[in-house]
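**Student:** Okay, here's what each chain looks like letter by letter:
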Amino acid sequence: MMLTGNYACAYGVKLSRAEVIPVYPITPQTHIMEKLADFVTHGELDAEFVSVESEHTALAVAIAAQATGARTFTATSGQGLVYMHENLFVASGMRLPIVMAIVNRALGAPNTIYPDLSDALDQRDTSWVQIYVENAQEAHDMIAQAYRIAEDERVLLPVAISFEGIIISHYMEPVELMDQDLLDQFLPTYQPRHVILHPDRVMSLGQILMDDSYYMEYRYQQQEGMNHALKVIPQVDEAFRQVFGRKYGGLFQTEQIEDAEVVLLTAGSLASTTRAVVHALRRDGMKIGLIKLRAFRPFPRQELREILNNIKCVAVLERDVSIGAGGIIHIELCHSLYGSENPPLLINYILGLGGRDITFDDISGIAQEVYQERNRESVDHPIRWFKVRGLT
Amino acid sequence: MADLKASGPDVLRLYDYKELPIGAVAIGIDPFGRKTGLWRYHRPEMVEKIPPCQEGCPLGNWIQPLIREIANENFEEAWDILKLENPFSGVCGRVCSHLCDEACNRKELGGSISIKGLERFLADHFWDKPSHPVQPQKAQKKEIAVLGSGPAGMACAYFLALMGYGVTVFESKKSLGGIPRIGIPDYRLPKKILEKEIKDILSMGVEARTGCHVGKDISIGEILKFDGVFLSTGAHVEQPLGIPGENLNGVFRGWDFLQKCNLKQIPPLGKKILVIGGGNVAMDVARSLIRLGHQPIIIYRRTRQEMPAFFEEVEEAMEEGTEFHFLLAPVAIHRRKKKGLRLECSRMKLRGMDESGRPMPVPAKGPHRYFEADQVIIATGERADLSYLPEEFKRQNGSVWINPWGQTSVPHVFSGGDMTDTPRTVAHAISSAKRAAIAMDQFFKGNDFIKLTPIQTMREYLGLNNHRVEYIPEIVKPQDLHLAYCKPREIPVSHKLPLDQRQRSFKEVNKRLSSEEVIREAQQCLSCGVCKLCSHCYLFCPDGAVQLSPEGDRYLINYDYCKGCNICQNECPVGAIHVRPEKED
Chain X
0 MMLTGNYACA YGVKLSRAEV IPVYPITPQT HIMEKLADFV THGELDAEFV SVESEHTALA
60 VAIAAQATGA RTFTATSGQG LVYMHENLFV ASGMRLPIVM AIVNRALGAP NTIYPDLSDA
120 LDQRDTSWVQ IYVENAQEAH DMIAQAYRIA EDERVLLPVA ISFEGIIISH YMEPVELMDQ
180 DLLDQFLPTY QPRHVILHPD RVMSLGQILM DDSYYMEYRY QQQEGMNHAL KVIPQVDEAF
240 RQVFGRKYGG LFQTEQIEDA EVVLLTAGSL ASTTRAVVHA LRRDGMKIGL IKLRAFRPFP
300 RQELREILNN IKCVAVLERD VSIGAGGIIH IELCHSLYGS ENPPLLINYI LGLGGRDITF
360 DDISGIAQEV YQERNRESVD HPIRWFKVRG LT
Chain A
0 MADLKASGPD VLRLYDYKEL PIGAVAIGID PFGRKTGLWR YHRPEMVEKI PPCQEGCPLG
60 NWIQPLIREI ANENFEEAWD ILKLENPFSG VCGRVCSHLC DEACNRKELG GSISIKGLER
120 FLADHFWDKP SHPVQPQKAQ KKEIAVLGSG PAGMACAYFL ALMGYGVTVF ESKKSLGGIP
180 RIGIPDYRLP KKILEKEIKD ILSMGVEART GCHVGKDISI GEILKFDGVF LSTGAHVEQP
240 LGIPGENLNG VFRGWDFLQK CNLKQIPPLG KKILVIGGGN VAMDVARSLI RLGHQPIIIY
300 RRTRQEMPAF FEEVEEAMEE GTEFHFLLAP VAIHRRKKKG LRLECSRMKL RGMDESGRPM
360 PVPAKGPHRY FEADQVIIAT GERADLSYLP EEFKRQNGSV WINPWGQTSV PHVFSGGDMT
420 DTPRTVAHAI SSAKRAAIAM DQFFKGNDFI KLTPIQTMRE YLGLNNHRVE YIPEIVKPQD
480 LHLAYCKPRE IPVSHKLPLD QRQRSFKEVN KRLSSEEVIR EAQQCLSCGV CKLCSHCYLF
540 CPDGAVQLSP EGDRYLINYD YCKGCNICQN ECPVGAIHVR PEKED
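Same order as they appear, the protein sequences are chains X and A. Heads up: the first sequence runs through residues 0 to 391, numbered per numbering that gives the first Met the number 0. Heads up: the second sequence runs through residues 0 to 584, numbered per numbering that gives the first Met the number 0.
These aren't lab readings, by the way, just hints derived from the structure by calculation. Just so it is clear, CB atoms sit at the ideal spot from N, CA and C, and this is done for glycine as well. The reader is advised that the hints may include incorrect statements.
What the hints assert, rightly or not - Pulled a few chain A residues facing chain X out of the computed Cβ check, cut under 8 Å:
{"hint": "1", "residue": "D15"}
{"hint": "2", "residue": "L19"}
{"hint": "3", "residue": "P20"}
{"hint": "4", "residue": "I21"}
{"hint": "5", "residue": "G22"}
{"hint": "6", "residue": "R33"}
{"hint": "7", "residue": "W126"}
Build the full structure now, drawing on both the sequences and the hints.
**Tutor:** See the structure below:
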């Protein structure tokens, strides 16, 4: 089927049999909401579609619904996600395996509807599992995987699947839909065994603790769930491959890094372009590879540390920034590699913010620039803003 | 394991993180959660306040529940509620000025609810079904004489009969009814309506002696021998203008003229007729003249704003073609040489206020104005005839003196209606009668009531006024309502006879609304100050502390959980939630 990323995502939700869907419209996410409303209206999806007055409420409704044991889905973008921020902590703190699609949109001001990943990366401390995908097919498949990861009793944390607005959300690609019967086997009905609201069993969820008696214990439980997710994500990916024949690499996907001297590390739609660049440069004899980072939370610290041990130089190409510090992925990578025996040089390219187009030639140029620097002891200007007019 | 802990953890030991039930269940506290009510500084309370319509109604009709019952299509309940306070809903539904409509908070929000239309509808709808608002009480061994059978007298008889008293009504005229019978034209009040409502009162065991003039056919001494007496002989004595020529041939009195109209004994009249005065009698005279094919011209010494006639009456008189001249005071009436009369008027202007608080007309400069006409009708008010009362009855400003309960200076004699100092409307007359009936009941039972605030309604006196929640006697103003929830008003409906027919016949001008129309009308009531179970408080309460009562007739607040955020008050469309500071310990 030819589908936009948004529709591919909506089909993923439908096939995953979500039961409660509270969504508030925001560009570029709105098509997901519209398509799901369409499914519900036409009886193709047996779910409660809840119209709400804000994203904050959308997530509040999702929390309440999920707390009764219903499989819940919501979606948002940019400012909407930021508006949800408070409730993101509640969802994870109550250990509710909600799945949300984040269709990335750069944050205002200045306002834009075009993407970068800052909106989602900004939510890194909310204890949500975060996975970044690169195309419509992956968005479609990852909704199903996300439920299986989230509902895994070792994890029990909400999962956000992020893909870039416009670039992925609005452009059509061929998508192979999951088979419903196969998916029902892969993703059985949600049967929670942890606390669930029921009229027969009155209890208080997310209650205030007036003393500090359990706050840290609950927080540590979440940390443990996130630790488990490091194992569960690749396991689910492998299980998915066995059923559907498609595989995304779990925490991250690697390409031609076995003998690579330089690795380009990126996330989201940039991975597609970068992959093409790597293939082309390999043909020119350059020892270059790709890491497509998929899981940002949990951050695969140890896994990346091991795989990058003998690489000379890693360039982090990212469509996001933490002003005053650098690229957000870059920062996380620095902390992951600190103290390793043979750490690579790290160069950070901040590019494509607010949806600025990044072409094959752009990435190819970056790759060649980095390749020349690979044997240095250290690099000047490790954090580089790419193609800012007036900046040389 | 997790289930067990979730429903009843052992509060005496501290669990380690592996043992804690997953999902941030609060351990060691009531499974119903923390009693957040402890945090409260302000206490919202469900209350009932006074809707302005009810306060506006001079006779104390129980309007709010009446409208609610109509909105719920319970016409019979509405009918009983209406009849409890007023035996003349058919008359009032037509001729009352409906101060309730004026007071309605909807007035500036698309238009008042037509309470008049609802009242009229019920009276017409239950034409053949007398209401029994309350079981008449057991017979009392007291006999009461009522003098005069106007709205005050008949209403007093009605309320006394409801309370079990024997009542005899004395009426000097041949038929019962007072002003509504002899003074109000048919186009406003068809006589069969009045007759039917009087018949209903008589069917309660009230006796009536018509054609019985006190002083001629029975002495006042005989009357005063009754256990109790209610005086309601009205005000029928025309007051002279005190100008030359007012006794000329061709000069009539308004009140006298209306009586003749109702008795179909109209004197021969010319084309052009001057009507002096700005009250309801003047309007009735002018509009009757139009229907009889004459051309009335109204002369009034103040302006349109100061006219004592009901607003609607003046509007309709204008529509029908009455000519109005303002700020003119009659000085003399002259006979013209050949035929007809000439009215001489001085010009007036408004300066300062008179005793009644109305702008005072004073002579203005300028030549006198003259109006020529075939006849002149003077309709400038009447006064009470108190000549039949012995001297022991205290008088005040030409009226009988009464205390706040309607009691005269003779203890067993009470009075009401136009012969007392009260606004001369049917509603005020009925109100004064009701108050006196209640006072008489207390008087006979030997209660010490004089110093108490007078009780104005039967529901209060009979203890039927059981509020579902705490009652706060405050009148609800528009700013007490949440107007964002006020739905737009549908265009108010009214059905009037076409103008050309009005100008030709005495057929009733206003027609009744349909059942569908009154239900729609009632459903647009804002229910000021009275909960209408809209459930906003229930839906908005962040603590789930608002619950429907087991009877389902009101919402209750669970103060164990109410934090006092007052969102319920903020979201209440009708202003029926009151917030008080929480008392300190």
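**Student:** Indicate, hint by hint, whether the structure satisfies it.
**Tutor:** Structure-based check of each hint:
1. Of the supplied interface hints, the one on D15 of chain A holds, with its beta-carbon coming within about 7 Å of a beta-carbon of chain X, less than 8 Å.
2. With 8 Å as the threshold, the beta carbon of L19 of chain A comes within range of chain X, its nearest partner Cβ sitting at about 5 Å, so the hint holds.
3. Look at P20 of chain A: its Cβ gets to within about 6 Å of chain X, closer than 8 Å, so that hint holds up.
4. The criterion of a C-beta within 8 Å of any C-beta in chain X is met by I21 of chain A, whose closest approach is roughly 4 Å, and the hint holds.
5. Of the supplied interface hints, the one on G22 of chain A holds, with its beta-carbon coming within about 4 Å of a beta-carbon of chain X, less than 8 Å.
6. At a threshold of 8 Å, the smallest CB-CB gap from R33 of chain A to chain X is about 6 Å, leaving the interface hint in force.
7. Annotation: W126 of chain A was flagged as interfacial toward chain X, and the flag is violated, the nearest CB pair being 49 Å apart, outside 8 Å.
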